[in-house]
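Chains A and B, in that order, give the protein sequences.
Counting from 1, one number per residue, gives the positions in the first sequence under the working numbering.
Counting from 115, one number per residue, gives the positions in the second sequence under the working numbering.
No wet-lab data here; the hints were simulated from the structure.
Just so it is clear, the structure is predicted and the values come from calculations on it, not from any experiment.
Glycine included, each C-beta is placed from N, C-alpha and C at the ideal position.
Be aware that a few hints might be false.
Computed cross-link-like contacts, DSS-like style, restricted to lysine-lysine with a CA-CA straight-line distance of at most 27 Å [to be verified]:
#: 1; chain 1: A; residue 1: Lys14; chain 2: A; residue 2: Lys41
#: 2; chain 1: A; residue 1: Lys41; chain 2: A; residue 2: Lys20
#: 3; chain 1: B; residue 1: Lys166; chain 2: A; residue 2: Lys64
#: 4; chain 1: A; residue 1: Lys64; chain 2: A; residue 2: Lys14
#: 5; chain 1: B; residue 1: Lys182; chain 2: B; residue 2: Lys166
#: 6; chain 1: B; residue 1: Lys170; chain 2: B; residue 2: Lys182
#: 7; chain 1: A; residue 1: Lys20; chain 2: A; residue 2: Lys64
#: 8; chain 1: A; residue 1: Lys55; chain 2: A; residue 2: Lys20
#: 9; chain 1: B; residue 1: Lys191; chain 2: B; residue 2: Lys170
#: 10; chain 1: A; residue 1: Lys14; chain 2: B; residue 2: Lys182
#: 11; chain 1: B; residue 1: Lys216; chain 2: A; residue 2: Lys66
#: 12; chain 1: B; residue 1: Lys182; chain 2: B; residue 2: Lys216
#: 13; chain 1: B; residue 1: Lys216; chain 2: B; residue 2: Lys174
#: 14; chain 1: A; residue 1: Lys14; chain 2: A; residue 2: Lys66
#: 15; chain 1: B; residue 1: Lys170; chain 2: A; residue 2: Lys55
#: 16; chain 1: A; residue 1: Lys66; chain 2: A; residue 2: Lys55
#: 17; chain 1: A; residue 1: Lys41; chain 2: B; residue 2: Lys166
#: 18; chain 1: B; residue 1: Lys191; chain 2: B; residue 2: Lys174
#: 19; chain 1: A; residue 1: Lys41; chain 2: B; residue 2: Lys174
#: 20; chain 1: B; residue 1: Lys216; chain 2: B; residue 2: Lys166
#: 21; chain 1: A; residue 1: Lys20; chain 2: B; residue 2: Lys216
Per the computed footprint, the stretches of chain B lying under chain A, defined by three or more beta-carbons under 8 Å from a beta-carbon of chain A, are [to be verified]:
#: 22; segment: 187-199
#: 23; segment: 216-228
So the chains spell out like this:
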Amino acid sequence: GAVVSQHPSRVICKSGTSVKIECRSLDFQATTMFWYRQFPKQSLMLMATSNEGSKATYEQGVEKDKFLINHASLTLSTLTVTSAHPEDSSFYICSITGYADTQYFGPGTRLTVL
Amino acid sequence: GDSVTQMEGPVTLSEEAFLTINCTYTATGYPSLFWYVQYPGEGLQLLLKATKADDKGSNKGFEATYRKETTSFHLEKGSVQVSDSAVYFCALLNAGGTSYGKLTFGQGTILTVHP
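In isolation and in its complexed conformation, chain A is listed as follows (with noise of 0.2 Å):
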């Protein structure tokens, strides 16, 4: 299957600052990568759709302007975290769909926002 990595693994900021997380795709071009967020002990929440090339489409409730995706690449997209505040601590996790529509995900990032 198709390996998808990410950096960091975990960040530590402060309120207000801005966290870029990256997701990259080592073996398979991804024209489509997706970010979701998971709270503690809870599923996945689909954030948006990363789209190579194009805008990314984002989930209802999801603020485009606090979420920046840059999906620059068909290996790499990349999540900002604009002015990150407490309620923002989180782990987020990329995938890409590859092979037989199957979706390979990244190990995560555990952001936590002081």
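Chain B: place on chain A using the hints.
Only chain B this time, still in chain A's reference frame:
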């Protein structure tokens, strides 16, 4: 819209016990069905999948059969190990229209296996 319902957890078992985690779904068309597993502090890993009715997915001793008549995809394992302790997510992928590529997840079931 599409939805997935999993049995509520947490589920606690002794090693070598039989495991069943129920999953039912509501969807239009012919979705593909998946079980993903999440170990503590990690992302999701594909455990098994089935793409059409009556298909059986299997991996690492886990099995699930795509039952269209009961809209179910229950996960089973005959003898669990401590290392199976994780959160299990049932999910469906409806490949049609604007939903292409979007997974719909169940709420997850926490499994704890004791020695």
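Status of each hint after checking the structure:
Taking the CA atoms of A:Lys14 and A:Lys41, the gap is near 24 Å; set against the 27 Å cutoff, the hint holds. Between A:Lys41 and A:Lys20 the alpha-carbon distance is near 24 Å, which keeps this suggested pair within the 27 Å criterion. At most 27 Å may separate the alpha-carbon atoms for a hinted pair to count; B:Lys166 and A:Lys64 exceed this at roughly 36 Å. Under the criterion of a C-alpha separation no larger than 27 Å, the hint pairing A:Lys64 with A:Lys14 is consistent with the structure, at around 21 Å.
For the hint linking B:Lys182 to B:Lys166, the alpha-carbon distance of about 8 Å falls within 27 Å, and the restraint holds. For the hint pairing B:Lys170 with B:Lys182, the CA-to-CA distance comes to about 12 Å; that is within 27 Å, so the pair holds. Of the supplied pair hints, the one linking A:Lys20 and A:Lys64 holds, its CA atoms being roughly 14 Å apart against a limit of 27 Å. For the hint linking A:Lys55 to A:Lys20, the alpha-carbon distance of about 17 Å falls within 27 Å, and the restraint holds.
Pair hint B:Lys191 plus B:Lys170 holds up; C-alpha atoms about 13 Å apart against a cutoff of 27 Å. Note on A:Lys14 and B:Lys182: the hinted pairing is violated, with a Cα-Cα distance of about 49 Å set against a maximum of 27 Å. With a C-alpha separation of about 22 Å, the suggested pair B:Lys216 and A:Lys66 falls inside the 27 Å cut-off, and the hint holds. Among the hinted pairs, B:Lys182 with B:Lys216 is consistent with the structure: their alpha-carbon atoms are about 20 Å apart, no more than 27 Å.
For the proposed pair B:Lys216 and B:Lys174, the alpha carbon gap of about 26 Å is at most 27 Å, so the pair holds. Taking the CA atoms of A:Lys14 and A:Lys66, the gap is near 16 Å; set against the 27 Å cutoff, the hint holds. For the hint linking B:Lys170 to A:Lys55, the alpha-carbon distance of about 38 Å lies beyond 27 Å, and the restraint is violated. Straight-line distance between C-alpha atoms of A:Lys66 and A:Lys55 comes to about 15 Å, which keeps the hinted pair within the 27 Å bound.
Proposed proximity of A:Lys41 and B:Lys166 is contradicted: the alpha carbons are some 30 Å apart, above 27 Å. Taken as a hint, the B:Lys191 and B:Lys174 pair is honoured in the structure, with Cα atoms around 9 Å apart against an allowance of 27 Å. Note on A:Lys41 and B:Lys174: the hinted pairing holds, with a Cα-Cα distance of about 24 Å set against a maximum of 27 Å. For the suggested pair B:Lys216 and B:Lys166, the alpha carbons sit about 17 Å apart, so the restraint of at most 27 Å is met.
With a C-alpha separation of about 23 Å, the suggested pair A:Lys20 and B:Lys216 falls inside the 27 Å cut-off, and the hint holds. Coverage of the segment 187-199 of chain B by chain A is violated in this model, with 0 residues showing a Cβ closer than 8 Å to a Cβ of that chain against a need of three. Only residues whose C-beta sits within less than 8 Å of a C-beta in chain A count toward coverage, and the segment 216-228 of chain B has 7 of them, enough to reach three; the restraint holds.
The structure is inconsistent with the numbered hints 3, 10, 15, 17, 22, although it conforms to all the rest.
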